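Peer 1: Sequence order for the protein chains is L and V.
Heads up, this note's numbering is the position in the first sequence plus 44, with the first residue counted as 1.
Heads up, this note's numbering is the position in the second sequence plus 2, with the first residue counted as 1.
Derived by calculation from the structure, the hints in this document are not laboratory data.
Here the structure is a predicted model, which means the values were calculated and not measured.
Idealized CB from N, CA, C, for every residue including glycine.
Possibly wrong hints are sitting among the right ones.
To be verified - Partner residues aside, some chain L positions facing chain V, computed with beta carbon under 8 Å:
1) D117
2) M134
3) V136
4) G148
Unchecked claim - Every beta carbon over 10 Å from chain V, so not counted as near; a handful from chain L, in silico:
5) R66
6) A152
7) P374
8) N416
9) S451
Stated by the list, open to error - Here are the simulated DSS-like pairs of lysine-lysine, each with C-alpha atoms no more than 25 Å apart in a straight line:
10) K446/L <-> K426/L
11) K138/L <-> K310/V
12) K244/L <-> K232/L
13) K431/L <-> K490/L
14) K138/L <-> K235/V
15) K74/L <-> K232/L
16) K268/L <-> K244/L
17) K435/L <-> K446/L
18) K232/L <-> K167/L
19) K323/V <-> K446/L
20) K435/L <-> K292/L
21) K138/L <-> K315/V
22) K138/L <-> K253/V
The chain contents come next:
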Amino acid sequence: MAEPAIELVGIDKRFGAVHANRDIHMRVEKGTIHGIIGENGAGKSTLMSILYGFYQADSGEIRINGQATRIADPNAAIALGIGMVHQHFMLVEKFTVLENVMLGVEGAPLLKNGISKARAELKRLEREYQLDVDPDALIEELPVGLQQRVEILKALYRGAEILVLDEPTGVLTPPEADHLFRILEQLKSQGKTIVLITHKLREIMAVTDNVSVMRQGAVVATRKTEETTVEELAELMVGRRVLLRVQKGEAKPGDIKLSVENLTVRDSRGVVMVDDASFTVRAGEIVGIAGVAGNGQSQLIETIAGIRAAVSGRVLLDGQIIDITGAADPGELRDRGLAHVPEDRHHMGLVLAFEEYENSILGYHDDPLYLNGPFLDLEAIKADARKKIEKYDIRPGDPRLKTANFSGGNQQKIVLAREMERDPGVLIIGQPTRGVDVGAIEFIHKRIIEMRDAGKAVLLVSVELDEIRSLSDRILVMFAGRIVGERDSDADEGELGLLMAGVEHKEAAE
Amino acid sequence: MDPFTTVLQLFDSTIRLSAPLLLACLAGLYSERAGIFDIGLEGKMLAGAFAAGAVATWFGSAYLALLAAVLVSVALGLVHGFASITHRGNQIVSGVAINFIAAGTTVILGQAWFSQGGRTPSLPNAARFNPINLPGAEAMRGVPVVGPLYYELISGHSVLVYLAFLLVPFTWWVLYRTRFGLRLRAVGENPAAVDTAGISVPWLRYRAVICCGVLCGIAGAYLATAQGAGFVKDMTAGKGYIALAALIFAKWRPVQAMFACLLFGFLDAVGIRMQGHPVPLIGEVPVQFMQALPYILTVVLLAGFIGKAIPPKAGGVAYVKER
Chain L
45 MAEPAIELVG
55 IDKRFGAVHA
65 NRDIHMRVEK
75 GTIHGIIGEN
85 GAGKSTLMSI
95 LYGFYQADSG
105 EIRINGQATR
115 IADPNAAIAL
125 GIGMVHQHFM
135 LVEKFTVLEN
145 VMLGVEGAPL
155 LKNGISKARA
165 ELKRLEREYQ
175 LDVDPDALIE
185 ELPVGLQQRV
195 EILKALYRGA
205 EILVLDEPTG
215 VLTPPEADHL
225 FRILEQLKSQ
235 GKTIVLITHK
245 LREIMAVTDN
255 VSVMRQGAVV
265 ATRKTEETTV
275 EELAELMVGR
285 RVLLRVQKGE
295 AKPGDIKLSV
305 ENLTVRDSRG
315 VVMVDDASFT
325 VRAGEIVGIA
335 GVAGNGQSQL
345 IETIAGIRAA
355 VSGRVLLDGQ
365 IIDITGAADP
375 GELRDRGLAH
385 VPEDRHHMGL
395 VLAFEEYENS
405 ILGYHDDPLY
415 LNGPFLDLEA
425 IKADARKKIE
435 KYDIRPGDPR
445 LKTANFSGGN
455 QQKIVLAREM
465 ERDPGVLIIG
475 QPTRGVDVGA
485 IEFIHKRIIE
495 MRDAGKAVLL
505 VSVELDEIRS
515 LSDRILVMFA
525 GRIVGERDSD
535 ADEGELGLLM
545 AGVEHKEAAE
Chain V
3 MDPFTTVLQL
13 FDSTIRLSAP
23 LLLACLAGLY
33 SERAGIFDIG
43 LEGKMLAGAF
53 AAGAVATWFG
63 SAYLALLAAV
73 LVSVALGLVH
83 GFASITHRGN
93 QIVSGVAINF
103 IAAGTTVILG
113 QAWFSQGGRT
123 PSLPNAARFN
133 PINLPGAEAM
143 RGVPVVGPLY
153 YELISGHSVL
163 VYLAFLLVPF
173 TWWVLYRTRF
183 GLRLRAVGEN
193 PAAVDTAGIS
203 VPWLRYRAVI
213 CCGVLCGIAG
223 AYLATAQGAG
233 FVKDMTAGKG
243 YIALAALIFA
253 KWRPVQAMFA
263 CLLFGFLDAV
273 GIRMQGHPVP
283 LIGEVPVQFM
293 QALPYILTVV
303 LLAGFIGKAI
313 PPKAGGVAYV
323 KER
């Protein structure tokens with residue numbers, strides 16, 4: 045057998061008390077796509093940072109194409125033909141595609157010759173790998189899918205033979221992710237070696253040849269992808285059996301709790317984001333809104349939650365009109381029994397610099413429960429936070445810890461605990477499991493079903509079609525601001541996909 | 003005096019008064035484009051002016067004075083760099099500290115060395131940068147319109163004025179046509195991109211801070227040995243801050259920076275000219291109002307007329323490698 049492209053022998057790395065990588069052994073064969081899967085904090089990114097020369101391993105050896113090497117900094121990694129596509133793009137937004145690709149490998153001190161050479165080389169790469177992108181476009185004006193393509197081109201431009209992608213689909217819509225996978229297949233067929241880091245099982249199954257599973261800093265297993273299953277990988281990742289499919293009984297829909305009538309919303313530029321949407325949510329059912337990100341789902345739930353103004357239409361909560369002119373007080377809506385788990389927990393759901401207990405009552409701090417006269421009753425708040433920590437298995441279980449130090453899944457649980465424990469009549473949830481580990485996803489899904497079974501009306505928005513299908517009792521599909529279809533929870537995935545792409549919508553218009 | 007000559011003289015002093023602003027503004031541009039905010043332009047200029055005044059007094063050489071100003075200013079720039087790049091300190095605090103150090107130290111040393119109340123002795127012309135007449139200026143003087151324009155406006159400035167204005171296209175060229183400029187702009191927008199491209203962020207930012215120091219030093223030397231004849235206590239009089247305002251005006255671009263500095267220089271020139279000259283209908287305008295005008299203009303223009311001035315994205319933020 046040929047030498048492996050990458051061989052890691054006994055890599056070990058500690059950050060203070062944290063043992064980030066423990067005695068890692070791994071072989072990545074040439075010309076394959078090798079997946080590394082593991083929960084957040086399992087040490088995947090640290091391992092790749094060591095490979096890319098960002099950190100030095102405490103012990104162990106890296107062999108590239110059979111040669112033992114020392115990778116002192118990213119320059120050394122680049123020289124060895126290792127290219128990295130980071131989770132957060134390393135692009136200068138104000139620069140053109142060409143300038144970004146050149147940065148660091150400009151050639152001579154004067155740019156003149158370098159630019160024309162880079163332009164020619166970029167053209168060649170785009171042709172060879174079918175990675176079309178306008179070299180003179182500004183990065184900030186490109187959609188994320190194309191920005192990622194620029195990252196890949198950057199690596200190829202530097203002569204990368206081994207391409208490491210760190211959570212590449214985190215920012216992509218499903219079609220963009222599929223497109224990325226086709227690009228990876230293409231790169232593989234041209235002999236490149238690809239390492240794909242992810243925590244999404246689906247992606248591993250879709251595109252990799254081999255997969256290594258990491259847990260708590262160690263590689264716990266390596267499998268050929270075709271010889272393993274999603275269930276086995278999930279179990280290896282979490283260290284216990286995980287239910288991937290949500291268990292739920294029949295819904296028992298009751299009275300209409302939330303009713304949306306002919307709602308139209310424009311954004312600040314005047315573009316129609318929600319177009320004449322009408323639907324209802326009953327007590328004891330979960331209504332899921334499926335759609336590719338950016339088709340008006342965010343604006344829809346923000347309007348219902350009272351933080352965005354509508355142009356026309358009505359929203360009724362328990363038969364009472366909600367003010368949707370933009371003057372509504374979200375606090376008043378909360379008092380009326382409407383809870384909202386925003387899509388973006390970092391920007392809207394939490395104050396990351398706060399301690400956990402402070403976030404656990406955010407928005408409810410006027411509640412007499414947490415007050416002692418005009419002052420906050422810190423002891424009561426902390427006791428309440430501890431109860432929630434216990435019930436939602438939030439880890440680490442310390443209410444005094446800064447929220448930024450919790451993992452994504454635990455941060456999401458803090459938000460969910462806060463909103464669900466208010467016992468609301470209507471619960472609006474946006475992207476409940478974005479950036480959340482498999483183990484936590486299972487927990488969150490269970491809690492959402494429990495809310496339904498307790499007779500709450502749940503409106504769920506997610507760009508993960510699987511999630512919508514497994515949780516919802518009814519599915520609404522949004523495309524270009526319109527609700528283009530309603531289906532049962534057992535609807536065919538392909539049919540929903542077409543609706544999400546606006547296919548039937550177009551036909552209907554003709 | 004005919005109106006044409008009056009206007010010419012007004013523009014002439016505009017150029018003279020703009021030059022130090024322009025030098026400081028370009029200095030700030032190098033630093034801030036690299037992501038290091040520098041409120042210490044004022045202090046570096048002041049320290050540079052003092053060094054120039056002192057060295058010119060001792061050695062009688064304007065060029066030695068210039069060199070001393072640059073060295074002192076770069077040294078202060080490196081202090082700012084050490085605090086904000088190496089130790090990731092707050093850039094505003096470090097800059098303000100430099101202003102205070104410069105304001106205090108110059109007066110104390112001035113008093114200790116020269117005993118003239120914190121100023122340096124008046125410099126003879128031999129120890130200053132004197133106006134130079136460009137070739138053909140005298141000969142062309144008689145030609146209508148073009149002649150006076152060339153003689154009054156273009157010719158007859160010190161070499162540092164010409165340097166300041168030549169630095170505008172040079173800075174543009176450095177920023178947009180050289181590798182250093184590309185990296186400088188990149189590090190001010192996204193240092194992580196620079197780091198992952200295998201370029202040292204600290205070294206790049208230190209070089210930017212050094213460029214800034216050099217230009218502030220030249221500005222200081224101009225004040226003490228070209229515009230004035232020696233160092234006077236607090237002689238920068240807020241020019242460093244005006245330069246920062248001009249930089250924001252110009253949205254951190256060199257050519258626009260020149261126009262912004264010319265505008266502020268013009269206001270200054272008008273202010274000086276109007277002292278003691280009552281304006282019809284209004285009467286005599288207080289000097290303080292004229293001095294405040296650049297600041298008022300900054301506020302008004304920034305409030306809406308020039309659109310949004312977006313600073314370099316990574317400006318003011320120390321770069322910490324992510325784990």
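Peer 1: Compare the structure with each hint and give your call.
Peer 2: So, going through the hints one by one against the coordinates:
Below 8 Å, beta-carbon pairs count as interface contacts, and D117/L has one with chain V at about 7 Å; its hint therefore holds. Hint on M134/L holds. Least Cβ distance to chain V is approximately 4 Å, under the 8 Å limit. Given hint, V136/L at the interface with chain V, holds; its Cβ is 5 Å from that chain's nearest Cβ, closer than 8 Å. The restraint placing G148/L at the interface with chain V holds, with a minimum CB-CB distance near 3 Å, inside the 8 Å limit.
The beta carbon of R66/L is kept farther than 10 Å from every beta carbon of chain V, the shortest such distance being approximately 17 Å. The beta carbon of A152/L sits about 7 Å from the closest Cβ of chain V, which is not more than 10 Å, so the claim that it is off the interface is violated. For P374/L, the condition that its CB be more than 10 Å from all CB atoms of chain V holds, with the nearest at approximately 29 Å. Even its closest Cβ contact with chain V, about 37 Å, leaves N416/L beyond 10 Å, as expected for a residue assigned away from the interface.
For S451/L, the requirement that its beta carbon stay farther than 10 Å from each beta carbon of chain V is met, with the minimum near 14 Å. For the suggested pair K446/L and K426/L, the alpha carbons sit about 14 Å apart, so the restraint of at most 25 Å is met. A C-alpha spacing of about 15 Å is found between K138/L and K310/V, which places the hinted pair at or below 25 Å, so the restraint holds. A C-alpha spacing of about 20 Å is found between K244/L and K232/L, which places the hinted pair at or below 25 Å, so the restraint holds.
A distance of roughly 18 Å separates the Cα atoms of K431/L and K490/L; the hinted pair therefore holds under the 25 Å criterion. At most 25 Å may separate the alpha-carbon atoms for a hinted pair to count; K138/L and K235/V exceed this at roughly 42 Å. For the suggested pair K74/L and K232/L, the alpha carbons sit about 9 Å apart, so the restraint of at most 25 Å is met. For the suggested pair K268/L and K244/L, the alpha carbons sit about 17 Å apart, so the restraint of at most 25 Å is met.
With a C-alpha separation of about 20 Å, the suggested pair K435/L and K446/L falls inside the 25 Å cut-off, and the hint holds. About 20 Å separates the Cα atoms of K232/L and K167/L, which keeps this hinted pair within 25 Å; it holds. A hinted pair counts as satisfied when its Cα atoms are at most 25 Å apart, and K323/V with K446/L qualifies at roughly 20 Å. Restraint check: the Cα-Cα separation between K435/L and K292/L comes to about 20 Å, which is no more than 25 Å; the hinted pair holds.
Under the criterion of a C-alpha separation no larger than 25 Å, the hint pairing K138/L with K315/V is consistent with the structure, at around 9 Å. Taking the CA atoms of K138/L and K253/V, the gap is about 13 Å. The hint holds against a cut of 25 Å.
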